[in-house]
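Q: For reference, the chains in residue letters:
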Amino acid sequence: MIEALNSAHDVMMARDPDMVVFGEDVGYFGGVFRVTANLQKKYGKTRVFDAPIAEGGIVGAAIGMALYGLKPVAEIQFADYIYPGFDQIFSEAGRIRYRTAGEWSVPMVIRSPYGGGIFGGQTHSQSPEAFFAHMPGIKTVIPSNPYDAKGLLIAAIEDPDPVVFFEPKRIYNGPFEGFYERPVTPWAKHPAAEVPEDYYTVPIGKAAVARAGEAVTILAYGTMVHVAIATAEAEGVDAEVIDLRTIVPVDIAAIETSVKKTGRCVVLHEATRTAGFGAELAALVQERCFYHLEAPVERVTGYDTPYPHSMEWTYFPGPARLGPALRKVLED
Amino acid sequence: MTSKTERRNRPALSLHVPEPDARPGDAVDFSRVVIPAAGSAARPDINVSPAETHPLCYTLVRVLDDEAKAVGPWDPRLDPETLRRMLRDMAMVRIFDERMFRAQRQGKTSFYMKSLGEEAVAVAAAHALDRDDMCFPTYRQQGLLIARDYPLAEMMCQIYSNKGDKLKGRQLPIMYSDREKGFFSISGNLATQYPQAVGWAMASAIKGDSRIAAGWIGDGATAEGDFHNAVTFAGVYRAPVILNVVNNQWAISTFCGIAGGDLTTFAARAVGYGIAGLRVDGNDALAVYAATRWAADRARSNLGPTLIELFTYRVEGHSTSDDPSVYRPLNAGASWPLGDPIARLKAHLIGLGEWDEARHKALEEALGAEVRAAQKEAEKQGTLGSGHYEDVDSMFADVFADLPWHLAEQRDAAKAEKARGK
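Quick mapping for you: the protein sequence lines, in order, are chains W and Y. My numbering puts the first sequence at residues 1 to 332. My numbering puts the second sequence at residues 1 to 422.
Derived from the structure by calculation, the hints contain no laboratory data. A hint or two may mislead.
[Said to hold, decoys possible] Some chain Y residues close to chain W (C-beta under 10 Å, calculated; not the full set): (1) GLU19; (2) ARG23; (3) ASP165; (4) ARG170; (5) TRP200; (6) ALA201; (7) ALA203; (8) SER210; (9) ARG211; (10) ASP398; (11) LEU407.
Quick reminder that beta carbons are idealized off the backbone N, C-alpha and C, glycines included.
So here's chain W without its partners, still in its complex pose (with noise of 0.2 Å):
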C-alpha cells in the first residue's frame, strides 16, 4: 500500500508541474512510512521538502499555496498530530469557495497516517474522521487496499476541493483481519494488491461492496473492511461488507440498496463511539431503511476512551467485538 501510494505522488507529480509535496520529515527521507520516498531526488527539493513542525504552518501553507494555482499534497505525519491544523482545515479550507462565492478555491491533499493496530499508543493511534466529517467544504477519504489507496489519492489530488486522505496505518504493509495474535500477511497473496504503475482513479464518493452477502450489511472503511470479511467468515455469516472509501460525501445509493436487500446492519469503525461516523450512519440507515429493517441497527466501534497502548486489542474492534453483534442482529 505505501508502494501504490508512493506510486500515486510519482505518476501526479509528472503528470503536473504545480504539484508540491511538503511535511514533516518527507522531503530527503521520504517520510517515517516512506510514502515519499525517492519524490524529492527525482522532482527536487522545491517540489518535495521538509516542513517545521507546525501542522496549522503547514496546512496554512498549504492553503496559501493553493490560492496561488499550486497543488499542494501536504503529509500530516500522524493524524493524532493533525489538531493544531484543525482551524486552518475548519474555518478555512473548507470555506474559502463558499465565502468567496467560488472566486477562490483550495483543491489541496492532506494526507495523514491513521488508526491503532501498531502499538502506537494514544498518540500514534487514533481515528479522527468524524471530526472532519462534520466539516461543510472538506471530503475524506479513507483506503482500504493498495488499489484504492493509488486510485483515491489521484482522484483527491484531482479534485477541485480540500481531500483529508486518511491511511489506515495497521494496512500499510498488509490486509488485517483483526487476529491480532496470528501471524502478519503481506499485501502480495491479496487480490487488490494488484496495482497498475499508470494513471488510474477510483472516483470519490463511491463505495464498493467489499463481500456479497444476503444476511446483514456491515458499514465499513478502512482496516475495519478485512476484520468484516474477516468476521463475517469465521462467523459463517452470510454478510455484505459495503466499503465506504469516502465518507464525505458518502455512497448513500449503495448504503440504501445493500440495506434494503439484507433488512439488517451492522455499523463498524475503530474510532471512539460517542457522535462517531458510525452514528450519522446509524441515523441515515434508519431515516431511509426504517421500513425495510428487521432488526435495530448495531454499532461495533473503539471505546470512548483514550487509545491503551498495552491493552491495544483490549480496545481494538475486532472479531471478538464485531462477531457477537452480528449474531445479535441475525437473532432479532
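Following the hints, put chain Y in place on chain W, whose structure we already have.
A: Same frame as chain W, now just chain Y:
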C-alpha cells in the same frame, strides 16, 4: 535542593498582569510612548542580515518631522502626484468609513469597522507594492482596495449583503474579497491569513514568479499560533513576503501589553526568527511607503521576508459593536503623539507648495459626492434592512465545486420549508 529555612525566607511569588497607562476617568497618558526624532533611524542596504536590523526594531522609522518636512535616509522622495494620490486615497477611506458607519447606525447593515487614524497603514503600503502583489489583509485594510481603485459601490453592496453583493450575502460586512485586485478574502478567525500569505509567497518562489505577498495582522493576534507558524515558515524558506503587524495599541478592550507588547516591541520578534524587522511610524505615510518599498525590494531580490511593525493608534472603537469609553479615556486618540496621518501628509504637501486648504476642501467635497453617489447606486440593490441577498439555491452552492447528494437534499428541504411560508 534548598533547605527548609532558605525556602521560608523566599518572597511569595506574585503574578504580573499588565495594565494600560490610563483607564476611563484617568487623564490620557502617553508619556511611556517614546518618539525618536524623524530621520534618526538608519536605513541599511536591503541585503542587511536580519540580526543587524535589531536596532531598527526598537526605534521608529520616521520621515515626516514635526513641521511635516521629509527628513532622513528613509525619505522615499516621491513626486507630488504620488503624494497627492496617497492623500486622496487616505481621505477617501476616512469619508467612506464615516458614511458606512452612519449607514450601520441607520440600520442598513449589521456591522462596520472604521480605520480612523490608521489610513496610512494600508494606503501607503498599497502604493509601495505593485498592483499584482498579493495582499492577505485583516479587516482594517480597506485602504488597500480603495488605493487599488476597487469600485466603492461593490464594497457597499458587500456591506449591505444586498442583491449586488458578489459574495452572495455569505460574509459579515467588510469581509471583502477580490481576486482581480489581489485582495484575499478576509477571515473572522484572526491570524489565519498570515501563514497563507507565506504559503502564497513560497508558491511564487517555487514557480520562479516575480510577484510577492504581503500579510497584515493586528498586535493582539500576534499572540496566535498562526503568527508563529507564519514567521517560522517565512524565515525558514526565505519566503518573498512582507509581514505587517499593525500595532494600533488595542485588541477590542485589551491593550497591546496583554499580547506581549509591554517590555519589547512586535518588530523585535522578527530577529529571533531570522527575519529582518522594522518598527515604523504608522501615521507617517512616507515612512510606511519607504519601509514597505525596502521590504518589497528585499523580497524581490530573494533576500527574504521582512516584518514591519506599524506603530499607530486605533482612534475609534473596534467596530460598531464596541464602545471604547468603557475601557480607556475618552478621546485618547486625539492626543496620540504621532498625530493624524492625513493631517501630516496634507501639511507636507502644503509645505512643498503642492497643495493648499482650498484644494483640500474641494477634494473632500468631491470625495464626499463620489461616496454618496456610490451609496445611492448600491442602495438601488437593497440593504440588509430592506432587500438583502436571498436565494436558497445559492445558499447551498460553492460548499464544493459540485453539489453532493446531501446538500441537494437539504437545499430541496429548505426550498420546501420556504414555500410553505410562515
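Q: Honestly, which of those hints from before does the structure not fit?
A: 1, 2 and 8
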